[in-house]
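Sequences listed follow chains A and B, in order.
Quick note on the working numbering: the first sequence kicks off at 37 and runs consecutively.
Quick note on the working numbering: the second sequence kicks off at 37 and runs consecutively.
Think of the hints as simulated: they come from the structure by calculation, not from any bench.
Misleading hints may appear alongside valid ones.
Since the list gives no way to pick out one identical chain from another, each pair is judged satisfied if it fits inside one copy or across any two copies.
Only pairs whose alpha carbons sit at most 16 angstroms apart, straight line, appear in this in silico EDC-like list of lysine to aspartate or glutamate [said to hold, decoys possible]:
#1 71 / 421
#2 71 / 114
#3 530 / 475
#4 71 / 426
#5 530 / 473
Values in this document were obtained by computation on a predicted structure and should not be read as measured data.
Number of protein chains: 2
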Amino acid sequence: MNLRLDRDKPIPLARQIQAQLERLIRERLLVPGAKLPATRELAQTLGVNRATVALAYEELCAAGFARAHVGQGTFVADAGPVGARPGGAAPAAAPGAGERPPAMNWSALFSRSAQIIGAEEARAAAPARTDGQVISFAGGMPDSGLFPTEAFRRVLNQVIREEGESLLQYYPAGGYPPLRAYLSTYLLRFGLEARPEDILIVNGSQQGFDLIARTLLDPGDVVAIEEPTYPRALQVFRSFGAQLVPVPWDAGGPRVEVLERLLERQAPKLFYCQPSAHNPTGLAMAPERARRLLAAAARHQVPIVEDGFDGSLYYGARPATPLKAADRGELVIYIGTFSKVLFPGLRLGWLVGPQPVLERLQAAKQLADLHTSALIQAAVHRFCERKLLDRHVARARREYARRRDLLLAALRRRMPAEATWTEPTGGFSLLVTLPPELDAEELLPQAAQRGVAFTPGAPFFVDGDGGHALRLSFSSVAAGRIDEGVRRLAEAIKAARSRERGRAPRVRLAVPVV
Amino acid sequence: MNLRLDRDKPIPLARQIQAQLERLIRERLLVPGAKLPATRELAQTLGVNRATVALAYEELCAAGFARAHVGQGTFVADAGPVGARPGGAAPAAAPGAGERPPAMNWSALFSRSAQIIGAEEARAAAPARTDGQVISFAGGMPDSGLFPTEAFRRVLNQVIREEGESLLQYYPAGGYPPLRAYLSTYLLRFGLEARPEDILIVNGSQQGFDLIARTLLDPGDVVAIEEPTYPRALQVFRSFGAQLVPVPWDAGGPRVEVLERLLERQAPKLFYCQPSAHNPTGLAMAPERARRLLAAAARHQVPIVEDGFDGSLYYGARPATPLKAADRGELVIYIGTFSKVLFPGLRLGWLVGPQPVLERLQAAKQLADLHTSALIQAAVHRFCERKLLDRHVARARREYARRRDLLLAALRRRMPAEATWTEPTGGFSLLVTLPPELDAEELLPQAAQRGVAFTPGAPFFVDGDGGHALRLSFSSVAAGRIDEGVRRLAEAIKAARSRERGRAPRVRLAVPVV
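So here's chain A without its partners, still in its complex pose (with noise of 0.2 angstroms):
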């Protein structure tokens, strides 16, 4: 600890130290419990007497600042005294510090990048509060109740035993080679066919966006979009200067001729989609409609990105068929994770694409963070090797179907006709669509009143549609709550409709205000 002592004071230097110290706990800079130095230490570190120090922490105490204990040191006060805490007296002054400077004005230095992501952060909808009481279908993650933390944590013990001091230093920006090898495997199940070369390990999907953001997009080019989408995805082109042109989906997946008519019109960097486990709707592109989106984005030489989430959660006979796998005309930039079918805080996931953009992608992935953890990518490969993960993974989908399965059946069973949503086929949430009346903005304090949360509709839309949707997420609510949820969902609906029944109806102003 370094504490600036004048000693041309007259000022004593032990209640100099005392008193610096006593800022620093006011202050919070030393927080209740934390230790202080030995007085040895500290005398040592200031060119101070030992006794001065001593004398310093013997007032700290004595004022409530410090106790100490006998044979451990000398430790701040998980109270401090009376007008100590934040909001009562004014902090002693720091010896020397005179005034202070006037303070900088950084909103006049912020990036254009920088004031989007302020204003989408805003825009962004907060997840409710919930404690035990509220049953949450808000969450789109995975159950942690699910995980195979002792397995991981097994497999992460060999892998530093065998080879930690190279996991631990600096490692290529490409990936650990063995993990890149057993992804070339695994994705020959979907009928992805990627030379481990092919494949760049990032921190997760998310990481991808962004790299295949700043490898592709400059402000004010067109990026076309599903819609709804994830809004994530959406947030880092936008902060990238990207105009959002959205191609809405139906049944059977992004509607082509919409994107057709885009691309004779525009000309966008990049169409970005979810074909086979849709966030929010939990549905899958058709074949059919695959075949048409490749063919119309090929005619116009314009990349997809494909968000492949992972194909392993379907609750079908079978995974959909990733656009990447008919790719022929290497098109397709697919993102992949383990934050579904593992664990999300590992933040592991890969890029497959052509050599050309892939080899840029390293490049930008190389002076973004230099590479991703050798270590978890290790582990991740023991654990994927083992065939641990398709054990985990087997377990998680049959307990996922069966939550949906829970999830439409109560939809069936105590919506109002009017509401509608979609039938997931992949994927851990489904969209509802409200009756017309009703916002789902406003109906969210409603809801966790009931005890009740989801993720109102807004923010997967590209400009403020979506009021009247919802998206139910069910892969991290226990199974025997998910009718209990629904109903209570279903009343705060139904209290709210009588509320907007008995309510002026909205002015809308259907001619322009002159």
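The hints should help you fit chain B onto chain A, whose structure is shown.
Just chain B now, kept in the frame of chain A:
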């Protein structure tokens, strides 16, 4: 595994399966040693009889593409039959493949950033290939021989056992709260006062550069940057389209009067420097220089990006004080990292900054990759809290100081009189300036032939300067090999000089070509 079968074709299904597997093996989509799916499994996937798959496998084995192990299954052969290697017979076309559409012209789609990165990658000096014979001063990384790998394995086990489920789930972008609290106290050692909420956890200092650049820089912005400097920081700023203006170092740090003239003429968005363990020189900024730098930045309201490397790796009596410790105007964004004091491969670092900019940096972090692995954060926190980091750093610092001393002694003993070098007080390296007639890039292959490697200086300079400079890193060269390495380098220099003297003088055009 998903293979495309055409049931309308007159070719038997077993033959179609065999032909497609052959193609996958020839094209290395199935790698040598990979296990083919069990016959029952593949038969089920493809909807064919199990005997059909068994027949296809037998034919593959007979043709030398696979081998069967009784009771274990069928595996891809280590070397295919003659003619099946890359460059041998043309690969069999996939059934129904027909003609490939024209390949996409990706390079026409690259963003300006990707174009800059591509060019930068070509410019960056590739590190010389080294084998056991070559003594390499090229790598600026900690010595993995000193890694406390086993101790880290133990804390990793503890945190997974205690809180594995929450550490493996999605996590807030700001970081693992106990690690932020620890860093708050840790930084006080260097006089740097930061509350936990002033600290953002990132994937190593490289991600720090990236997040700062995207938060502050638009294409065309001016960045003032010390020279020489860390090439990977320079590349990041350049990839965001910044125009870099160098501020040269002398023995006391960056020349503030040069920076001031620059501040008067142009309005740089930031000034980047490494004040405490400068890479490549190993020097630290003099306290008086730091005061003048802060005053100049405050006067012109220009942010300072302080790359802290890590203050713990110093070789004098006490660590240098970071600029951030004296930053009363909240001008400084500080970048810290565990890559030098612990393990580079974890990709763990942090930013300290004033709230207005830290909020934006956190929003950018969330868009970039959601968050840094909480598991790694928790393990490093436990490692630090148990004082294992302090113990490791004390040991590593002693060893690096010894290597530095040996390197300086060897240089004094062996280098020709015209060569000069910096005397590092921190970090991992020093900078040698060669006699003026020599170029470090040209010297490198000659040195490698004599069994010694280094990093040529040009990438540390903004615009192709630094040709006479080279960096020697002492951190990962065993103490016993340092003198021999310098002996080889000095010989290579002497040999190159005699060759230079024998050559006709280079013609330098002093007048413009007309």
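- prompt: Which hints from the list above does the structure break, by number from lowest to highest?
  reply: Hints that this structure does not satisfy do not exist here, as all of them hold.
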